[in-house]
Each structure stands twice: as C-alpha cells, then as structure tokens.
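Chemist: Sequence:
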Amino acid sequence: MSALVQNLQALENVHQKDEQGTSADPEGLSSASEINPGDYVELRSHLMVDDAIVLGTPKSTGLNDSFVTFLSTGEVYVSRKRSGLIVIPKIFDSEVALKAGADDHSAQVQLMKDMRVFRKKIDKALYNIRLVAQVHLYKQFRAAEADVWSTVTLQEAVSFIGSRLSPKQKEEMAQGLLTLAVHKYLMEETDHFSLSSKDDIFHVVPQEYIRNCREVTRWLDRMDPRLTDFVTKARGIIKFSDHLEKDSIAESDIVPVPNPHFTFTVNDHEILHFIRRSLSRQRLLQPSPYEKVLSYLGLVLGRPYDGSQDLPFILLKQLGASPLGGDVRAENQYLTPWTKGREEQLEKEGSRLLEHHIAGQPPTESSRARLPVYGDGVDHVRHDWGDLQVHVIDDILAEELDDGISIEEAGDGSYWLHVHIADPTALLRPHSALAQAAEERGTTLYLSDGTYPMLPKSLANSFSLSSAAGPDNSPMPVMTFSAKIDKQGRLVDYNARPAFVRNIKTLQYDQVDSILGIQRPTSQFWQDTRLPENSGESGGVNAITASDVAILKRLMAVAGISERHRIQSGACVTGWSNAGNVSMEPRHVPVPPFPPTVPIHYRGFPSVTVQPPVEFSVKTGGGSRSIVGEIMGIACRAAGSVARDRGIPVIFRYTKIENLEALGSSRDPETGSVTPGPEFRQLLHRSGLSSSPATIDWLGVKEPYSRVTSPLRRYGDLINHWQLKASIGGQDPPFASDTLESMMNDMAWKEKHHKRVAADEDEFWSMAGLRRMLDAGKFDRSQVRGLRALVLGEPKIDRERGRMEFRRSIMLPQLGMSGVLRGLTPEQSAELEFGAVVSVDLEQVTDGRQPTIECLFPH
1 MSALVQNLQA
11 LENVHQKDEQ
21 GTSADPEGLS
31 SASEINPGDY
41 VELRSHLMVD
51 DAIVLGTPKS
61 TGLNDSFVTF
71 LSTGEVYVSR
81 KRSGLIVIPK
91 IFDSEVALKA
101 GADDHSAQVQ
111 LMKDMRVFRK
121 KIDKALYNIR
131 LVAQVHLYKQ
141 FRAAEADVWS
151 TVTLQEAVSF
161 IGSRLSPKQK
171 EEMAQGLLTL
181 AVHKYLMEET
191 DHFSLSSKDD
201 IFHVVPQEYI
211 RNCREVTRWL
221 DRMDPRLTDF
231 VTKARGIIKF
241 SDHLEKDSIA
251 ESDIVPVPNP
261 HFTFTVNDHE
271 ILHFIRRSLS
281 RQRLLQPSPY
291 EKVLSYLGLV
301 LGRPYDGSQD
311 LPFILLKQLG
321 ASPLGGDVRA
331 ENQYLTPWTK
341 GREEQLEKEG
351 SRLLEHHIAG
361 QPPTESSRAR
371 LPVYGDGVDH
381 VRHDWGDLQV
391 HVIDDILAEE
401 LDDGISIEEA
411 GDGSYWLHVH
421 IADPTALLRP
431 HSALAQAAEE
441 RGTTLYLSDG
451 TYPMLPKSLA
461 NSFSLSSAAG
471 PDNSPMPVMT
481 FSAKIDKQGR
491 LVDYNARPAF
501 VRNIKTLQYD
511 QVDSILGIQR
521 PTSQFWQDTR
531 LPENSGESGG
541 VNAITASDVA
551 ILKRLMAVAG
561 ISERHRIQSG
571 ACVTGWSNAG
581 NVSMEPRHVP
591 VPPFPPTVPI
601 HYRGFPSVTV
611 QPPVEFSVKT
621 GGGSRSIVGE
631 IMGIACRAAG
641 SVARDRGIPV
651 IFRYTKIENL
661 EALGSSRDPE
671 TGSVTPGPEF
681 RQLLHRSGLS
691 SSPATIDWLG
701 VKEPYSRVTS
711 PLRRYGDLIN
721 HWQLKASIGG
731 QDPPFASDTL
741 ESMMNDMAWK
751 EKHHKRVAAD
761 EDEFWSMAGL
771 RRMLDAGKFD
781 RSQVRGLRAL
791 VLGEPKIDRE
801 RGRMEFRRSI
811 MLPQLGMSGV
821 LRGLTPEQSA
831 ELEFGAVVSV
841 DLEQVTDGRQ
851 PTIECLFPH
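Counting in my numbering, the sequence shown runs from 1 upward without gaps.
The set of hints was computed from the structure by calculation and includes no laboratory data. Please note that the accuracy of each hint is not assured.
As the list claims (entries may be wrong) - Below are the DSSO-like pairs computed for lysine-lysine, each with C-alpha atoms no more than 27 Å apart in a straight line:
#	residue 1	residue 2
1	168	184
2	184	487
3	99	168
4	90	184
5	121	99
6	124	184
Stated by the list, open to error - Pairwise CB distance ranges, derived in the manner of DEER restraints:
#	residue 1	residue 2	range
7	135	831	16 to 24 Å
8	308	774	17 to 25 Å
9	295	846	17 to 25 Å
Where is the CB? At the ideal position from N, CA and C, for every residue including glycine.
Using the sequences plus the hints, can you model the full thing?
Modeler: Put into structure tokens, the structure is as follows:
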C-alpha cells in the first residue's frame, strides 16, 4: 500500500473501529450532525437505553462530535454524535434547555416534567404499534425461503405500520413519534429483527433461525438430554483440540486432523447451527436471543459468556466446526452479494459478453493492424499509443492489474505522466445486469478464503493489463489520464482520453525498490517478505533493461518533485497512525462444509507477516509504493480537473479540515510529517463524496479529486469512467447529478463497511499470528516491553473488568497493529491527551472473533 493511500486511510478511519454504523435519517427525525438544544434523543450504549434532552455543546472539550444531554433521571451527560442515535427535533423548549444547561435548577425541573409527559406519549404510541406489528410486520418483510435473510428499512416499517393505523392514532404520533416508536419496537423484537451496521436498516431474521433458536432454548429450559449429551461430548472434543494446539504450536505446515474419537449427530448439528447463528448478531445495542444458552454453555465448558461474539467463535473452533483459526466471517450479512449461485450466473454473463464481442470483430490479416471495436461510443476517438512503454507496478500477488504508467519529456524541465487505466466500460454498459451486480457489491474484497470480485473474474481478467503483457503486443483498451508536471512539481496541464496501449511490462514493487536502491522498512517482530526466486529480474517479459531503469528513475524524480510541491503547499503525512500491511502464506485458508460429520482440527498455522506502516514519503525513501501512489493521485486530480472544466457530473471526494495552521511546529515543513501529539486533532475532518468539484484539504493541492484508477474493483471508479467517456464521445452522461447524489450515501456506506470487513480480517490474522508467536516462544517477552504507543479515541469505561477502570485505543507502529491500553485510573485516563505518545508493555493478545492486543503502563 502506498504512503499516499495509507495517509488517506489513516485520516478517514481514526475513529472508524469505535463507530459501527451511520445515523438514521427517515422522515420526522434529524441526523446526528444536526442536534440542537431542545431536541429529543434516544441514547443507546450496549444494552442500556435512555431518553434524553439536548442541552447544547460542551465548551471545555473542544470536540465537534459531542453534545450535552439531560437524562430522564435528572443527570447531565456528555454524549458523542455516533451511530445508534435517534433524534426528534424541537420536542422541548430550546430556551429552557439552554437554561438547564447553564445549571438553572428551575429549568431542569421543568424539563423533567416535560420529559415525563413525552414518555407517556412514547408508551402509548408503542402500545398501539405493537397491536399491528406483532401480527403483520414480520410476515410482510421476511424472506420466502426459510433460511434466507432479508432486510427492512426503518422508513419501510414506518410506512407499513402507518398505513394500518387510524387517522386519530396517526395524529397522536406526529413530530417523529411514529418513527421513534417503530424503531423501539424493532429493537425490542430481537428474535425477528437484527440491527445492521447501518442504523436505518434491520436484518429480518430467517424463519429457520427463529425455529432453531427457540428449539435449543427449550432444550435448556427442560435440561433435555440432547443438550446435556452434547456438553459431555464437547468437553472431550475441546480437550483433544487443546492438546493438539499445544503439540503443534511451533509448526507452520497446515494439516487437517479429523478427530478419531467423536462424531456429530443430527441433534449436535442443531446445537452447532445455534452457536454459529449467534454470530449473526453484529451489534451490541440489542439484547441477544442466544444469550441464555450461550451463558449456560460458557459456564459448563469453563469459559464465561461476556455478551460478545468471542465465546461462540472460540467454541466452534475448539469443537472442530470451523476453518483453521476460526470462521471470522461466519454469518456476515455483508457478503450476501457473493453467493455461489449468483457468482456462477454472473460468470456466465461475463463469458457471454466476451464471446459476443469477439464474434463481432471484423476479420483482419494482421493482428498488429487490428483495432478492436467495442461500440462504447468512443471507438472513433480512441487514441493509439503505439509502442509507448507502459510499466505496470504492483504487488507480486496482485490479481487485477488495472493501472500502468508512461512518461514523456515535454520540454523546459516538464514531463507528461500518462496513467493508463484498464477499461472494462468498453464492454460493460451502465445499466446492464453486470453493472447492477457491481453496484450491489461496491468493491472487490480480498479475504483469507479467496477473492470476492466486484466483476466476474472472466471479465476482470480480460481487461487486466497483465493480459496484454506479452510478445504479441495486442492492443488493450484503457482510459488514459495525462498530467503535465513542471519542474516545480505543479500540475499545469491535463487530459483524459480513451486509448489503446500495447507495450506493457509488469514489475513488482520489490523489483523496482531493488533497481532504485531503496531499502524496505523492516520490523524486529515480523520476518520480512521476500520475492520468490525467478521473480522476473531477468528473462521473459519482465526482463529489466537499461531503458527501464532510466524510466523508473525518471518516474521517481517526477513523483518526488510533485510531492515536494504538495508539501510546500501544506500537505500532511500521517502514516504512523495507520495499521500495517498484512500478508499470509498460504494466502487462502480452505473452508470445510458446515456442519461437519466429525470434528476437524488442524496442526500448524499460516505464516503471517505485517509490514509496519510507511512513516516516510517519496522524498525520504518511501519506495515504489510511494511513487506509484503519488502518480495515481496525480491521475485522480487530472480526472477531477477534466470533469470540472467540462461540467461533467462525477463522484468527487473531499475532506474538510478546519484549521491546518493550528498544527504549528508539529508539522515538519520539509517532509509534511505530523509529529504525534494533541495537535493531531486538527486533522480530524469531515470526509465524503460529492457530485460537485471538491478537494482533499490535507493533499496540499487545489485541483478537485475524482478517483478513477481501479474500475476493475471499485464501482465508483466505474461510474466516473462512464461519465467521462460519454462526454468525450459527445453523449449525455448516463447519470445525472441528482442521481449521483442519491447513490452516494449507499456507496459510501458500502465502501466503509467492506473496508471494515477486510480490515477486521487483517487484524484477526495478524493478532492470531502474534499470539501464536508469543505462545511458541518465537521471541523473548522483553521485545514487547516499552513499545511506543499513539493514543487515539476517547476514554471508555472498562466494563469487562468489573471495576472502575478506563481504557484507551492505541496504535503500535512498531507492530503495525492497533491495541488497547487498559487498567487506567480516571486520573490517568484524563491526563492522556489524544495524540499523545506513551510507552507501554504488551500484556496479552486475546482470543476470539475480534482479538485485542492488551497493553498496560510499565510497572
């Protein structure tokens, strides 16, 4: 991952792990960003729910994401604008609320009286809604198939319930009261509705899941032998599993080991399904219908249930009913667009599209003379780059190569950079079935059990630039984004055009670093990954010539002066706050069928490597990843500039930073690197998507930014290609500006949560690998004492410890991993400023679905 991309992700995702979800915004409610004094707000944290009145914004914290509330108990409480909030504006007198916030006792008494009246209205509305919803709501929105999930939005449920209320009941539920009551009903009907990571969407629980949950719960109520016999068997299986893990703790070769002593019965399968399905509960804001049985299993099997997903996850692993390491994505509803049947259907459609294209090509005698015809509206203007050298630089294991780079001298010390991007839109039409599937998926996911592609593999492989990297130099359709960089590093001219490239050479990052004499950063904790032998440093299509070396050095120089100009203009580099790059060998872990007939355990474990985050730039030795990242950023600026000049509605990305000047001396003017410290708060910003030209403040540039470099794996990039090509071809863009705006919320949500899925998996395997290394004694414990830690996030009460302790989220740059600093007194927590750097000792790496590195202050 390039330093530029790492920087973007670091600034976008500082708080992402603590804030799963987005605020609901149906009719009658306000978004969390619009909270004002006098608004009603329902506060939820874990399983605690309270009704509150907004008093205002705290003046002492300096935070833009917090507000002061008056609870129904009469307490004043500072809350954050996070997910899980339901807000109804203007329920209470704003002047009274402001006075109450200023400690006016009479105003606070008045608010308590007003809250009691409003709560009676809530209770009455909820009673009337239950009469309708308990009979009709689940039946209306459940899937027809017994084991299939469906979804219902909050607004859909409100409309359905509202259509069955009397006019008088509707009138009594004005001012968002109907929506609030429906939301409360959905949250309490946890058997039937499970809150998704998007607060206005609920997963509708499959009928089979409800039957299974109730059946196993009845077994517990009766102490049925089917459950008690399973517990007896489970004890024996877990004992075998624990012994095998200890015996093979230092082994790397992965060998499946069927348990020779036990088999699973039909009744056992019922319980295994129950345990696995409990993992479908993604949020802790609702009570779980699985809690009673899980508490019992935890008690009798020696691992108390704490309400998280760790117990069922670990049980499945110990019982030999999950893949090696555990099924980190079991029951993850975000992977539903990639069902096996759907994948096969789309692959057939992709193959059909390619075959139709090939059959429609005019015959020619010379493949060199043939220029394919795609019928995408730009065949008549597609530029042929001829023999211009194109270098594709990527990871050795990259599956889709969607960008290549060329460079030409432009005189006066200036250079033209040409970034050639794979062009699946040559065949893929905006409203086709394949395009709709790409919209549904949003991105390609690269996970431990394989790749979940946005586009059918047959189609993506055909347009990957690697498919043209060969001796025949067959023309490959691309979109070329050209940028002229002057000797000061400024972007002074730009262009976008559909084109053909022929002379493609693929290189790996490590090759390029070696050629340029760049030393990769290493870590004392992780073995450095190396290129396999015969990686292409000589011979074949990847043979390195003197011309290649000269071009690569030129690219490094131009990327360097571009970066220098951005830094002089105020760019910020913060790679130290991001997680490292995780790699695993073998790359994919097999997933056996579920439920198994016999327990399947494993000897050995994958070799996991974490490349610590790059804390430097092109100028200070960031290497080929930084060079490519800088050039891809230039291409996105060129694309945004073309769209702005031509008035083309595309998806622009933006970040807004209130006061960069406040960074002061914490920002190095030579490198742009921001030293960890309290000033880092200034980099917390609003980021998002827009159909109007917008900029990314921390990049240090004025050009609008439109992402276009990965259309094989990002739907937003596909849209931008369609929009730009239509304008270039003299046609109207397929998506109007208002249509794009309506699509952006869903696109941003999918991007965030797919990124979260991939990040969770990287975190899981890196922490599991670290825990195994510690258990196997691969390095001395003294090596994890005195680690440098960056404090991120706000103080949180450590509920799990059963006493008043606090914890803070931290980043451990030496490990390239995040963690938690625990055991803090209230005084210690208050003294730790956001962005502070402290020394910590690694205490343990917990097991579970979301393992954690727990750290303490040195003794």
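Chemist: Each hint: holds or not?
Modeler: A quick look at each hint next to the structure:
no. : hint                     : verdict
1   : 168 with 184             : holds (21 Å)
2   : 184 with 487             : violated (62 Å)
3   : 99 with 168              : violated (35 Å)
4   : 90 with 184              : holds (20 Å)
5   : 121 with 99              : holds (25 Å)
6   : 124 with 184             : holds (12 Å)
7   : 135 with 831: 16 to 24 Å : violated (56 Å)
8   : 308 with 774: 17 to 25 Å : holds (22 Å)
9   : 295 with 846: 17 to 25 Å : holds (19 Å)
When each numbered hint is compared with the structure, violations occur for hints 2, 3 and 7.
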